[in-house]
Amino acid sequence: MSSLSRSRLGRGILLHLFLTPLALIWLFPLWMMVVFSTMPDNGIFSPGIELLPHDGFLDNFNNLQRDTNFVGAIGISVCVAVTYTVLSVLLTSMAGWALARYEFHGKGIVVAIILGTITLPYAVVLIPQFIMVARDFQLANTWIALIVPPLFNSLGVLFMRQAFSMMPAELFDAARVEGVKEWRIFLFVALPLARSMLAALAIILFLASWNNYLWPLLINSQPGAMTAPVALGTLIGLTKVSWGGIMAGAVMLTLPMLVVFVLLQRHFIAGIAAGAVK
Amino acid sequence: MAAVTLTNVVKRFGVLEVVHGANIDIADGEFVVFVGPSGCGKSTLLRMVAGLEDISGGEIAIGGKLVNDVEPADRGIAMVFQSYALYPHMTVEQNLSFGLRMNGNPKADTERRVSRAAEILRIDELMQRRPKQLSGGQRQRVAIGRAIVREPQVFLFDEPLSNLDAELRVQMRVEISRLHKELGTTMIYVTHDQTEAMTLADRIVVLKAGNVEQIGAPLDLYDDPVNRFVAGFIGSPKMNFLGAKVVETSNSAATIELVNHGGARLRKPLCESLPTVGAEVVLGVRPEHFCEKGEGDCDIAIKADVAEHLGSVSYVYANAGPEELIIEREASRQRASGDHFTVSIKAERCLLFDKAGARIR
Chain C
1 MSSLSRSRLG RGILLHLFLT PLALIWLFPL WMMVVFSTMP DNGIFSPGIE
51 LLPHDGFLDN FNNLQRDTNF VGAIGISVCV AVTYTVLSVL LTSMAGWALA
101 RYEFHGKGIV VAIILGTITL PYAVVLIPQF IMVARDFQLA NTWIALIVPP
151 LFNSLGVLFM RQAFSMMPAE LFDAARVEGV KEWRIFLFVA LPLARSMLAA
201 LAIILFLASW NNYLWPLLIN SQPGAMTAPV ALGTLIGLTK VSWGGIMAGA
251 VMLTLPMLVV FVLLQRHFIA GIAAGAVK
Chain P
1001 MAAVTLTNVV KRFGVLEVVH GANIDIADGE FVVFVGPSGC GKSTLLRMVA
1051 GLEDISGGEI AIGGKLVNDV EPADRGIAMV FQSYALYPHM TVEQNLSFGL
1101 RMNGNPKADT ERRVSRAAEI LRIDELMQRR PKQLSGGQRQ RVAIGRAIVR
1151 EPQVFLFDEP LSNLDAELRV QMRVEISRLH KELGTTMIYV THDQTEAMTL
1201 ADRIVVLKAG NVEQIGAPLD LYDDPVNRFV AGFIGSPKMN FLGAKVVETS
1251 NSAATIELVN HGGARLRKPL CESLPTVGAE VVLGVRPEHF CEKGEGDCDI
1301 AIKADVAEHL GSVSYVYANA GPEELIIERE ASRQRASGDH FTVSIKAERC
1351 LLFDKAGARI R
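If you read the sequences in order, they're chains C and P. 63 is the number that this note's numbering gives to position 63 of the first sequence; each next residue is one higher, with no gaps. Heads up: take any position in the second sequence, counting from 1, add 1000, and you land on this note's numbering.
Be a bit skeptical, because a hint or two may be false.
[To be verified] Just so you have them, the derived chain C footprint on chain P, three or more residues with Cβ under 8 angstroms:
1) 1076-1084
2) 1087-1094
[Said to hold, decoys possible] Derived SDA-like pairs: lysine to any residue, alpha-carbon spacing no greater than 25 angstroms straight-line:
3) C:181 with P:1151
4) P:1065 with C:179
5) P:1107 with C:187
6) C:181 with P:1312
7) P:1132 with C:187
8) C:181 with P:1167
9) C:107 with P:1109
10) C:181 with P:1047
11) P:1132 with C:196
12) P:1132 with C:176
13) C:181 with P:1054
14) P:1107 with C:107
15) C:181 with P:1083
16) C:181 with P:1071
17) C:107 with P:1014
18) C:181 with P:1103
19) P:1107 with C:182
20) P:1132 with C:188
21) C:181 with P:1076
22) C:181 with P:1090
23) P:1132 with C:165
24) C:181 with P:1069
25) C:181 with P:1094
26) P:1132 with C:170
27) C:181 with P:1082
28) C:181 with P:1104
[Said to hold, decoys possible] Which residues of chain C face chain P? A partial, calculated answer using Cβ under 7 angstroms:
29) 170
30) 174
31) 177
Hint data in this document are derived by calculation from the structure and do not stem from the laboratory. Predicted, not measured: the structure shown is a model, and the values here were computed from it. Just so you know, even glycine gets a beta-carbon here, dropped at the ideal spot from N, CA and C.
Isolated chain P (complex conformation) (with noise of 0.2 angstroms):
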């Protein structure tokens, strides 16, 4: 087991900067996520990390050691990747032991760690077979224990449920969660699957455009994230921006007016500075936190154009102007399309973001 910090990290591809300067401290057996949109640069890091791309600038270190330098293979890695890579010709008994044959370790202890890999992920059964005789949930598995025979400090994974059906893929995410309480070994998890994210790290690093752009623990980033971009990308169904105008301040709170709703006010109490009467402002509101008419402090009407019926709740979405909204309904109150109808914010449930998405508390 190992901590790893990523100090200043940059990457260029020519003249093209990808990663800016990144800084991430990850604690001895954290599991951390990596997240973000595609491009944002997540698995470059990864890759970086491991050893697979060079880095531009900055210094990683795996177990307070610098690891720039040094070869993939004596970072004290391993990596399960996102199409599984396990070799086509080699049964899965082979895929698992390959690395360990190939470094001429002792065929004894081999064959321990292949043992202990399989009895762990359960595919005992399938170690004669070859990789095309495999489900994808099996390949995933053999994947992940061919990680897990090189015992190694660090695990690191690159996407490894995106080629996976929904169901299986939560199966899976349930599979690596318990893999990580059993072996208690620092984990580094790339996904772009907020959900993902969210249920498997103990904390995620979200990243835009090749910009760190806040760390924390899941339900920090889902209730306190520091801009727009981080409150749109962790929460699923994404919260909603309405546009505002800031028409009053007073006594540590703002007045805004939504300027797609009829005009309807809202008083936000805000604990640090407070934008100038007359800025234009977002607000954002989860759509897991609209209440009925009369119970929040601000209501808003709406029409339904489509409605989501996922049995214990619905999602209704609406158009309100430029705006889409999305909002969560309890199944006993569901709407149907074309309803109109009046929901409620509550100020202290909902977040304000300045015109360049900054949050402003």
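For reference, chain C alone in the conformation it holds in the complex (with noise of 0.2 angstroms):
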């Protein structure tokens, strides 16, 4: 073996060494919420720590089912999340697009309101949006409520805007003379060539609208039209609250994100690569 691979050797095991408990560290919580799931309430509390799962998870996944419909609620977040993520990744990327491919008067101000938006704490935001939601337009308890509000996300409309604004301008220009509308230039041409940056874009944003907490809990809380995170919120009573049941239910909540993830991973790399270099 050369010096060079030894020392290569040599890295790669510091490295191993260095990364293995950081990695057990970050997955053990994860860990015993699938341990704590498989468990009854009166176990989880038990003096000594069970690190491996039991037969339990059925058990509390009827209780869940049985006291929040959870199979439902679980229906209303895959419907909420999935309407989100289209309709935010189309408009963010209009808005990113027309940001980084077109001149008008007042764009400089428009950027530093959308970036002025992101240094605002929401909870600031939280009970003008909730008033102006529920009391002004009315909309409390409807879908409109859930998924229109936080629609504009300006994180998103920044990154799809670097994204086109990395693409060569003589692609647009060739269309342009091409006589390809601009709509279709930006649905045939830009789109596609940002597709890496959108898969990214439409995880984040899956994400977000899927755990999103507090403002569905706020301005959609009747029972039956609960989405998950909500749903599995109501099992923490004042009196009682079924930890086995939530473990279970946040199991679920847990597995459709690592399913997209692990589908979208390849181009979710490269989205946000694609960011870093020119």
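Reconstruct the complex from the two isolated chains, following the hints.
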């Protein structure tokens, strides 16, 4: 073995020695979530720490389903997240396209305002948004209230603006000379070229909607119409908390995200990297 | 096919004026090359003809029709870009047909045009490949094919060969020339490479800092440049400029003294107004116009710094005071670095410029 190979092997071992404990620390809560989801409530708080799953997952899930109609809530969550993701990707990419590719008066101000909204804490926006949607528009407990207010994602707009700015302008000039209409250039040239960024954005937006708890809790908390995280939250009562059920629900909520991430991770990584390297 | 007329065309970016009233008439079917150094406004001018840049003043007409406010697609032009601008997610066939499909052109006609372009450019076998699977030359052919399928009145080329290696550039140059003969369409071609301009153009437009310096046939520009800039820009290697002073004028001729060559004198016949005695002037001599000692009207002694031997000819680089001279020598008269030798200048083969760079005829 050459000295170069030995040095590479040594560096690899050192790196693994450093990263493996970090990975275990990161994975441990997830593993414990799976373990707790298979244990009865009284078992979870037993003095000894259990590290291996039991066989009580179905019992916990049945209790969860009985108390919250969790499958129905997941269905609502899927519908909300998918609709939100599709609409938000479309909206943010259109806004990003306009800001990246067109010159118009006040463009700098628009970008500054969008940047400014990122710095606002969500808590500042939440109450005015609630008053506007629930009191002024009378939209409480509707799907529109769940989906529309968070649709405009300023980070997504800037993300897509960056993606479109990095594309060579000559591509779009070529299409313009060929007489292709602007919306077709966006749809058939720009969007396909930005698919890595779009995939990354879609995952981020889907995750944001899927995990969103506070806004759906405020605006849509009627029984039978709740999203999954809100439904799960109802298990935390004043006198009793059904931890087994909550953990089983948490496992159910985590699985779809894992599937989505595994399916799109190639695009996701490419999309994130595309923003980092010109 | 169509003529293109630019009348007092001005382009400003904010307060910065980059094209200062260009007047150019391009005849139907003519191949015109815009040439000039980087930043001279040649690409901006082309993009204004294409409609990709608004014009700040003046008029552009294509086929006799004013197109100042006409969309690029409605000007009857097709453009080939420096970076090829091929859609990377489409096959060659889709790239060629994209514009036609998007505009609802009948399928049969689209197929006919694509097949014709593929046949002209010999890219039939590449139709199902994507741009990343093509070489630079093949990509450039596809880019030209995309222009051909539009069956335009005017082709616009924006430095289309800049990204190719030297050999491929020569090959594509010939192909573009062949294409022009085959299609007979008006072509406007932008380049900073004067060799491309000389070999391709029916007429060349030389630009400098947003001004049209001279318009003419390649050999007219070579033989009869209007100023020092054009004289230096056209011709490769570039013309030598020797500092001189007028010492005598008489009988439609000026006698000048080369200030960096030991006072060597040359009597230059002139047909227009004579310069004043004592005026500083510049003598322009092309590398290929130096002759052997005693064969010309003025001999100058040279010490070769570097000699480049290209086979048929050699180029000798020599420094004489602040002037660097390039001298072309036949292969049989090669000189090595460090050699001392004498060359001669013929009065009728050199040009005279005043201090500001204007030609003295």
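Tested hints:
1. Chain C is given as covering the segment 1076-1084 of chain P, and this holds because 6 residues of the stretch bring a CB closer than 8 angstroms to a CB of that chain, at least three being needed.
2. Counting residues of the segment 1087-1094 of chain P whose CB falls under 8 angstroms from any CB of chain C gives 3; the rule of at least 3 is met.
3. Of the pairs offered as hints, the one joining residue 181 of chain C and residue 1151 of chain P holds, with about 19 angstroms between alpha carbons and a cut-off of 25 angstroms not exceeded.
4. Under the criterion of a C-alpha separation no larger than 25 angstroms, the hint pairing residue 1065 of chain P with residue 179 of chain C is consistent with the structure, at around 19 angstroms.
5. Between the alpha carbons of residue 1107 of chain P and residue 187 of chain C the distance comes to roughly 21 angstroms, so the proposed pair stays at or under 25 angstroms and holds.
6. Proximity of residue 181 of chain C to residue 1312 of chain P is assessed by CA-CA distance (about 54 angstroms); at most 25 angstroms being required, the pair is judged violated.
7. Pair hint residue 1132 of chain P plus residue 187 of chain C holds up; C-alpha atoms about 21 angstroms apart against a cutoff of 25 angstroms.
8. Among the hinted pairs, residue 181 of chain C with residue 1167 of chain P is inconsistent with the structure: their alpha-carbon atoms are about 38 angstroms apart, more than 25 angstroms.
9. At most 25 angstroms may separate the alpha-carbon atoms for a hinted pair to count; residue 107 of chain C and residue 1109 of chain P exceed this at roughly 42 angstroms.
10. Simply put, residue 181 of chain C and residue 1047 of chain P have alpha-carbon atoms about 19 angstroms apart, close enough for the 25 angstroms limit, and the pair holds.
11. At most 25 angstroms may separate the alpha-carbon atoms for a hinted pair to count; residue 1132 of chain P and residue 196 of chain C meet this at roughly 17 angstroms.
12. Between residue 1132 of chain P and residue 176 of chain C, the direct Cα distance comes to roughly 22 angstroms. Compliance with the 25 angstroms bound is thereby established for this hinted pair.
13. About 18 angstroms separates the Cα atoms of residue 181 of chain C and residue 1054 of chain P, which keeps this hinted pair within 25 angstroms; it holds.
14. A C-alpha spacing of about 41 angstroms is found between residue 1107 of chain P and residue 107 of chain C, which places the hinted pair above 25 angstroms, so the restraint is violated.
15. Distance hint between residue 181 of chain C and residue 1083 of chain P is fulfilled; the C-alpha atoms sit about 22 angstroms from each other, no more than 25 angstroms.
16. Proposed proximity of residue 181 of chain C and residue 1071 of chain P is supported: the alpha carbons are some 11 angstroms apart, at most 25 angstroms.
17. A distance of roughly 16 angstroms separates the Cα atoms of residue 107 of chain C and residue 1014 of chain P; the hinted pair therefore holds under the 25 angstroms criterion.
18. As the CA atoms of residue 181 of chain C and residue 1103 of chain P are separated by approximately 8 angstroms, the hinted pair is consistent with the 25 angstroms bound.
19. Between residue 1107 of chain P and residue 182 of chain C, the direct Cα distance comes to roughly 22 angstroms. Compliance with the 25 angstroms bound is thereby established for this hinted pair.
20. Under the criterion of a C-alpha separation no larger than 25 angstroms, the hint pairing residue 1132 of chain P with residue 188 of chain C is consistent with the structure, at around 18 angstroms.
21. Under the criterion of a C-alpha separation no larger than 25 angstroms, the hint pairing residue 181 of chain C with residue 1076 of chain P is consistent with the structure, at around 16 angstroms.
22. Taking the CA atoms of residue 181 of chain C and residue 1090 of chain P, the gap is about 18 angstroms. The hint holds against a cut of 25 angstroms.
23. Among the hinted pairs, residue 1132 of chain P with residue 165 of chain C is consistent with the structure: their alpha-carbon atoms are about 21 angstroms apart, no more than 25 angstroms.
24. Of the pairs offered as hints, the one joining residue 181 of chain C and residue 1069 of chain P holds, with about 17 angstroms between alpha carbons and a cut-off of 25 angstroms not exceeded.
25. For the hint pairing residue 181 of chain C with residue 1094 of chain P, the CA-to-CA distance comes to about 17 angstroms; that is within 25 angstroms, so the pair holds.
26. With a C-alpha separation of about 17 angstroms, the suggested pairing of residue 1132 of chain P with residue 170 of chain C holds against the 25 angstroms cut-off.
27. Using a Cα cut-off of 25 angstroms, the hinted pair residue 181 of chain C and residue 1082 of chain P holds, with the two alpha carbons roughly 23 angstroms apart.
28. At roughly 12 angstroms between alpha-carbon atoms, residue 181 of chain C and residue 1104 of chain P fall within 25 angstroms of each other, so this suggested pair holds.
29. The criterion of a C-beta within 7 angstroms of any C-beta in chain P is met by residue 170 of chain C, whose closest approach is roughly 4 angstroms, and the hint holds.
30. Hint status for residue 174 of chain C: holds, given a least beta-carbon distance of 4 angstroms to chain P, under 7 angstroms.
31. With a least beta-carbon distance of about 5 angstroms to chain P, the hint placing residue 177 of chain C at the interface is held under the 7 angstroms criterion.
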